[in-house]
Every structure is written in structure tokens, then in C-alpha cells.
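First to last, the protein sequences are chains S and R.
Mapping of the first sequence onto the numbering used here: position 8 corresponds to residue 8, and the numbering continues sequentially without gaps.
With positions in the second sequence counted from 1, the corresponding number in the numbering used here is that position plus 112.
No lab work stands behind these hints, which were simulated from the structure alone.
Any given hint might turn out to be false.
A few chain R residues that face chain S, going by a derived Cβ cut-off under 8 Å, partial list only [stated by the list, open to error]:
1) 150
2) 151
3) 157
4) 160
5) 167
6) 168
7) 173
8) 177
9) 180
10) 197
11) 200
12) 203
13) 214
14) 215
15) 216
16) 219
Derived DMTMM-like pairs (lysine to aspartate or glutamate); straight-line CA-CA distance at most 20 Å [what the hints assert, rightly or not]:
17) 51(S) x 212(R)
18) 163(R) x 212(R)
19) 70(S) x 175(R)
We treat Cβ as the ideally placed atom computed from N, Cα and C, and that holds for glycine.
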Amino acid sequence: GQQLNQSPQSMFIQEGEDVSMNCTSSSIFNTWLWYKQDPGEGPVLLIALYKAGELTSNGRLTAQFGITRKDSFLNISASIPSDVGIYFCAGPSPNTGNQFYFGTGTSLTVIP
Amino acid sequence: NAGVMQNPRHLVRRRGQEARLRCSPMKGHSHVYWYRQLPEEGLKFMVYLQKENIIDESGMPKERFSAEFPKEGPSILRIQQVVRGDSAAYFCASAVSIVEEQYFGPGTRLTVT
Numbered sequence: 001g002q003q004l005n006q007s008p009q010s011m012f013i014q015e016g017e018d019v020s021m022n023c024t025s026s027s028i029f030n031t032w033l034w035y036k037q038d039p040g041e042g043p044v045l046l047i048a049l050y051k052a053g054e055l056t057s058n059g060r061l062t063a064q065f066g067i068t069r070k071d072s073f074l075n076i077s078a079s080i081p082s083d084v085g086i087y088f089c090a091g092p093s094p095n096t097g098n099q100f101y102f103g104t105g106t107s108l109t110v111i112p
Numbered sequence: 113n114a115g116v117m118q119n120p121r122h123l124v125r126r127r128g129q130e131a132r133l134r135c136s137p138m139k140g141h142s143h144v145y146w147y148r149q150l151p152e153e154g155l156k157f158m159v160y161l162q163k164e165n166i167i168d169e170s171g172m173p174k175e176r177f178s179a180e181f182p183k184e185g186p187s188i189l190r191i192q193q194v195v196r197g198d199s200a201a202y203f204c205a206s207a208v209s210i211v212e213e214q215y216f217g218p219g220t221r222l223t224v225t
């Protein structure tokens, strides 16, 4: 099946620092989604990207759809303790679009 | 507008019993997806349904697992004769259409003893 690799796998940062993470695929994707999952909860949609090169912001979050369509980036500025969680990239199957593939996740810990 | 609802939130079953997981999509959403998540792992697609139809069940084990999304009522994921390896968090998501974003429920945590 499709593999979406995220890096880094985990991050430990000080409150106030900026965060960058990325997601890469071996295949071209037409849509990239970024989700955050808190422990014991379902993923919450943060940002959706639909066009190569697109740069979209949601508050302190900014995500970009890579030009090659095989990667995407998520940045969080001025991190706060509630940013703690696991961040997943996801996208619909390039072939059928029926199933969404999820990345391996980036675990973020913010130290106050 | 209520979000995606799943129940129960926690379910404990003994080996060999049946587990029934329910998912009510967001209002206006006719596309439902089920995912399984093991601890420390990402979500793995299981099945995609539209009202009364299974569109793609390629991620669901061929035996013991079934899913439905009837004309009326919630979508149901059924696991028969559960085994310890079925212990996981099961999430459903709904969408307006196949190309739109998916919104997730809080999940059902299944524990098989």
C-alpha cells in the first residue's frame, strides 16, 4: 500500500519556538490534509491543501503543498503547550481516491 | 451542527464474542470511512461506504469483519468471534463527498480479554 513518511518522528521543543515537519510520498497526491490527534481522541482536521504550490494558514499553522506533489510541510509558529499531540498528514489514494492514507505521525512535546 | 458520533467509546469483549461499533456521520454527510489504529501507529483504512453501499472494503480483513451503512440509522462495523489482535481504537470519519475532507469521530476503544 501507499506509504506516507513523516519526519521527524518526534520533537521536543521549548514553548515559543517554531516547529517544522514534513510528509513525503512515493506517489503524486492531489490533496494533502493535516490532522492533529490528542491522546484518546480522534484526529482533528487542521488544514486542507488542494493545489501544488499552495500555501495555506490557519492561525499559527501554515502548510504547503509541495511543487512535486509528493510532499507537504506543516509549520507551527510560537508553539504553546496545547500544541502537544501527534500530527498526521493524509491524502486520498492517487488511484481510486476511495481510501485515505495516513502518515506515520510526528509526536510533538512542548516544554513550558 | 453535531460532529461525528461514535458509540460506545469503550468496549470490552471476551475472545469469541461479537463487537458492534456504531458511527453516526455529520449531518449532510453520506460518505463514511472506518479506520483502525494500533497504539503508537497511524490510522489504517478499513472500509469506505456510502448510503446502503460498500464502495471499497480493501482494507478490511475478509473474515469476521463486516460493515454496513443502512438507509436509516448509523453505520455499523461488526467484528465476529473477536481475538486479542482485534484490540485497537476504531475510528470512523464522514465526508460530504469523496473528494472533500474527512471529519473524525472520537473513536471506540475495543479491548479483547
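Consistency of the hints with the structure:
{"no.": "1", "hint": "150", "in the structure": "violated, 12 Å"}
{"no.": "2", "hint": "151", "in the structure": "violated, 11 Å"}
{"no.": "3", "hint": "157", "in the structure": "holds, 4 Å"}
{"no.": "4", "hint": "160", "in the structure": "holds, 5 Å"}
{"no.": "5", "hint": "167", "in the structure": "holds, 6 Å"}
{"no.": "6", "hint": "168", "in the structure": "holds, 4 Å"}
{"no.": "7", "hint": "173", "in the structure": "violated, 14 Å"}
{"no.": "8", "hint": "177", "in the structure": "violated, 15 Å"}
{"no.": "9", "hint": "180", "in the structure": "violated, 17 Å"}
{"no.": "10", "hint": "197", "in the structure": "violated, 19 Å"}
{"no.": "11", "hint": "200", "in the structure": "violated, 13 Å"}
{"no.": "12", "hint": "203", "in the structure": "holds, 5 Å"}
{"no.": "13", "hint": "214", "in the structure": "holds, 6 Å"}
{"no.": "14", "hint": "215", "in the structure": "holds, 6 Å"}
{"no.": "15", "hint": "216", "in the structure": "holds, 4 Å"}
{"no.": "16", "hint": "219", "in the structure": "holds, 5 Å"}
{"no.": "17", "hint": "51(S) x 212(R)", "in the structure": "holds, 14 Å"}
{"no.": "18", "hint": "163(R) x 212(R)", "in the structure": "holds, 16 Å"}
{"no.": "19", "hint": "70(S) x 175(R)", "in the structure": "violated, 35 Å"}
Comparing the model with each earlier hint shows violations of hints 1, 2, 7, 8, 9, 10, 11 and 19; every other hint is respected.
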